[in-house]
Amino acid sequence: MTEVKEIDWYTLAAIGIVGGLVAIFLAYFLNTTLKVSYFAFLGAVGAILAILWGADAVRRICKYGIGTGVPSIGMLAFGMGLLATLLGLKIGDYLVTQTGSSYAIYAGPIAALILSLIQGAIIGYIANAVLKMKIPTMQIGMIFIAGAASIILMGFSTTITGSFDYSSMIKYVFSTGFIAPLFMIGALPMLHPFNASLGPDEDQRRTLTLAVEASLLSTMMFGLMSLAVFQTSMLSSAITVVLGLIAWVYAYLAYFKKVKECGVQILATGVLPKKEA
Amino acid sequence: MDPITLIIILLGITIGGLLVGVGVHFVPVGGAPAAMAQATGIGTGTTMLAFSSGALGLISAGFTMHDIMDGSLKSAYPTFGPAALDGTLFSISGITSNIMPILLVVVAGVVGAMIMMVILAVVANILYAFAIAVPLVSAKVKFDPITGDRQDLYVTRGTEGHGTPTVAVISSLLGGLFGGAGGALLYLAFVAGGFGALGVAGIATAAFLTIGIFFVNSVLASYNITGTIEGFHDPKFKRVPRAIIACTIASFVMGVWAIALIYLGVGVV
Amino acid sequence: MVEATLVLSLGTAALMGACATIAGAAEDLESDFGSQSNANSQVQLAPQVGYLHRYYNKAVSGEPVAYAFLCCTGAAIALALMAALKVNPVIALALGALIASLMYGVYATTAYMGRLTSQKRFGQPIYLDILYTTTPSIIAHAFIAAMAIGTFSYLMNWVLGQPFPFPILAMLWGVIVGGMGSAVGDVHYGAEREYQNKPFGMGLPAAQSGKIVQKGEAGLRNSIDVAGYCVKHGAPLTGFGLGMTVFSDSWREILFTQYWNGWGAMVAGLLLVLIWVIANRILEMWTRKTYGPYKTAED
Chain A
329 MTEVKEIDWY
339 TLAAIGIVGG
349 LVAIFLAYFL
359 NTTLKVSYFA
369 FLGAVGAILA
379 ILWGADAVRR
389 ICKYGIGTGV
399 PSIGMLAFGM
409 GLLATLLGLK
419 IGDYLVTQTG
429 SSYAIYAGPI
439 AALILSLIQG
449 AIIGYIANAV
459 LKMKIPTMQI
469 GMIFIAGAAS
479 IILMGFSTTI
489 TGSFDYSSMI
499 KYVFSTGFIA
509 PLFMIGALPM
519 LHPFNASLGP
529 DEDQRRTLTL
539 AVEASLLSTM
549 MFGLMSLAVF
559 QTSMLSSAIT
569 VVLGLIAWVY
579 AYLAYFKKVK
589 ECGVQILATG
599 VLPKKEA
Chain B
5 MDPITLIIIL
15 LGITIGGLLV
25 GVGVHFVPVG
35 GAPAAMAQAT
45 GIGTGTTMLA
55 FSSGALGLIS
65 AGFTMHDIMD
75 GSLKSAYPTF
85 GPAALDGTLF
95 SISGITSNIM
105 PILLVVVAGV
115 VGAMIMMVIL
125 AVVANILYAF
135 AIAVPLVSAK
145 VKFDPITGDR
155 QDLYVTRGTE
165 GHGTPTVAVI
175 SSLLGGLFGG
185 AGGALLYLAF
195 VAGGFGALGV
205 AGIATAAFLT
215 IGIFFVNSVL
225 ASYNITGTIE
235 GFHDPKFKRV
245 PRAIIACTIA
255 SFVMGVWAIA
265 LIYLGVGVV
Chain C
3 MVEATLVLSL
13 GTAALMGACA
23 TIAGAAEDLE
33 SDFGSQSNAN
43 SQVQLAPQVG
53 YLHRYYNKAV
63 SGEPVAYAFL
73 CCTGAAIALA
83 LMAALKVNPV
93 IALALGALIA
103 SLMYGVYATT
113 AYMGRLTSQK
123 RFGQPIYLDI
133 LYTTTPSIIA
143 HAFIAAMAIG
153 TFSYLMNWVL
163 GQPFPFPILA
173 MLWGVIVGGM
183 GSAVGDVHYG
193 AEREYQNKPF
203 GMGLPAAQSG
213 KIVQKGEAGL
223 RNSIDVAGYC
233 VKHGAPLTGF
243 GLGMTVFSDS
253 WREILFTQYW
263 NGWGAMVAGL
273 LLVLIWVIAN
283 RILEMWTRKT
293 YGPYKTAED
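Chains as they are written, first to last, in this note's numbering: chain A, 329 to 605; chain B, 5 to 273; chain C, 3 to 301.
Mixed in with the good hints, there may be bad ones.
Stated by the list, open to error - Restricting the straight-line Cα-Cα distance to at most 20 Å, the calculated cross-link-like pairs of lysine-lysine (PhoX-like) are: (1) B:144 with A:460; (2) C:217 with B:144; (3) A:391 with A:333; (4) A:602 with C:297.
As the list claims (entries may be wrong) - Here are some chain A residues the structure puts well away from chain C; computed CB gaps all over 10 Å: (5) 438; (6) 453; (7) 496; (8) 506; (9) 513; (10) 584.
What the hints assert, rightly or not - Partner residues aside, some chain C positions facing chain B, computed with beta carbon under 10 Å: (11) 9; (12) 40; (13) 53; (14) 186; (15) 206; (16) 223; (17) 227; (18) 230; (19) 274; (20) 292.
What the hints contain is simulated information worked out from the structure, not anything from laboratory work.
Treat the numbers as computed from the prediction; the structure is a model and nothing was measured.
Glycine included, C-beta positions come from ideal geometry on N, C-alpha and C.
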């Protein structure tokens, strides 16, 4: 049987960083220049690219058996990413007030990403050197999941509020309590694919298809939550939810096709198969 | 905000995170085997068990702080609210004049966490006693360090113990103590850093940033434990020094980000 | 928020305790339908040791995290509906819980298919009828749990005056209910129902791991049979644990904060902990006396 070549994780990192940031910037740019909020769904596109990056990094760390289960890694990544992201976005807002130029806001997500990568590097070093976990992929893996968490937070936050600046995040995401689902169903698409596909016959393409499917579910939920923010222009929320729903149906059927392609026996019903003695 | 206050907030965050990390080591975690009555302890994963007790501690501390700032305790501690609003709560003068309410919030966190831990352990023991019909014993020690009961005769052959004996329950209360105190201290540090002045948005942000740092320390501690631990009588408990170093460094770095954020000003434009 | 009198607060705390009890029981039953979390490690192991099965291998990240995301999503959507469309809170909580539990059901199906596909070399097949018949039960019980937790989180914020926004409270209580179900209810499933053919009154020796019951009372064992058994002991006890937690924490805060400038509530809490520890000691001595040792001392 020919071995399917896996996508290299640096390629996925590039897609996640560049694609994620471009999508978030585009959403903000279109929303502010056209003075609408219909392009909030582009934030979700950026988050999905970052989720692909993060889910693959989780895969590579956890294949070595870290002993405490996969969900903890997702929570660790988001715990690391949250404070660094908030600081980065505040730097963006601060630069706008200091320089007076509204283009300084775009420095915010870049600062958030860099701070998260630094945070991930420090935690990865602690895990390998101080806690002696000795997992080869841990150092780079931690950097990647922290960076992915940062872009996921910013991307989905743009889906809810239409922009990524610090004030929107505090006013619309934290004060309503939406930060709780942002954290949880932002982390789930990153950790669920590998956890759900755990086993000796795990396959990267199938795992990443599941990551896309799970992130589209989250997109629909965030679209519904954005109703509280876009109370005067509910069309924006409707766009996010409808596009998410159509894409989700497609992704779920693609996942089911991959399951069938893997050759597992699918029975409509029946008794247990007879084992060879 | 003057530099001394910022340093004190940084210390608060570091010590809070460290307490959380240390507390996780006291909690008797049986993990998946405990759910099959194969191991001593509570049958949940390390990270999430510590977080469950920290969660109730945080809810309790939030309740008490709200009572002190705008509720029934406002007249008893009049200086706390204004100090939190103008950011002087963690200055030297702020701490000395508000030491009682600060202590009250920390103890509220401790009590909340301890209630959660004891109910988790004891209700699980009720199930072990009546549904599985096994004695509550540990296989790691021959005699219970606190009650002196003989353990090894009451352990099913082939298992590592079942249920949560008294030494593990006491150990879990210590875990709740450290975890609840750490969580409440983190929450106080963020509120003192200026989030207290932002109303509901500030309280929510302070609470969730606490949850974030709690998660980081809890997961690092569970990586140190690698699986299950029965409490302070378990040989794995000797690994605590590694966790102290790891959690201190991690919490310190996150504290640096936090005071950078506080320095730039947490208010919305 | 409402300015609460003592009577209103106590009544709300009682209602919250009742909601929490229902939520705890529904949570444990749902995790039994799906064989989630701890006991699932045995279901995962079984094909590798040659024991094929018809259980629902739902590996969605462990109960605390799963219930955290279920409850906070339900609460957040309810908040959005209340704020934007001015929907009545009760209906909003129900709709939010419904949407969140549908999402939860989709995660359950992908987990079942994913885990079994990654084990295909052991010959474990995917049974579509298990998927079709069990998933609706999972969604239903998840709905009960999400709505109950959303309701008492909302009451905690709105009447009792807890300052955190109620989606954050729902997330924290979701973690707590998941921890309670995992610690209490899952043991009934894992130690008793999964290994029902082993003798009663002992733990599970390590050599027996993975050799789960394959045949049921009539036909093959499905996960639906598991819930019918655990509802008699494990699920109500889980509900009792969560109800006690919610009620004790609210009760001591409402009644005793007025004494000693707030320290009364702390003393009350510590006394409560002491009572539970003493009760545990009495229980421990009772089990040792009633069940006796497995072997006599050599000396």
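Open item on the list: Under the constraints set out in the numbered hints, which ones does this structure not fulfil?
Closed with: 1, 2, 4, 8, 9, 10, 11, 13, 16, 17 and 18
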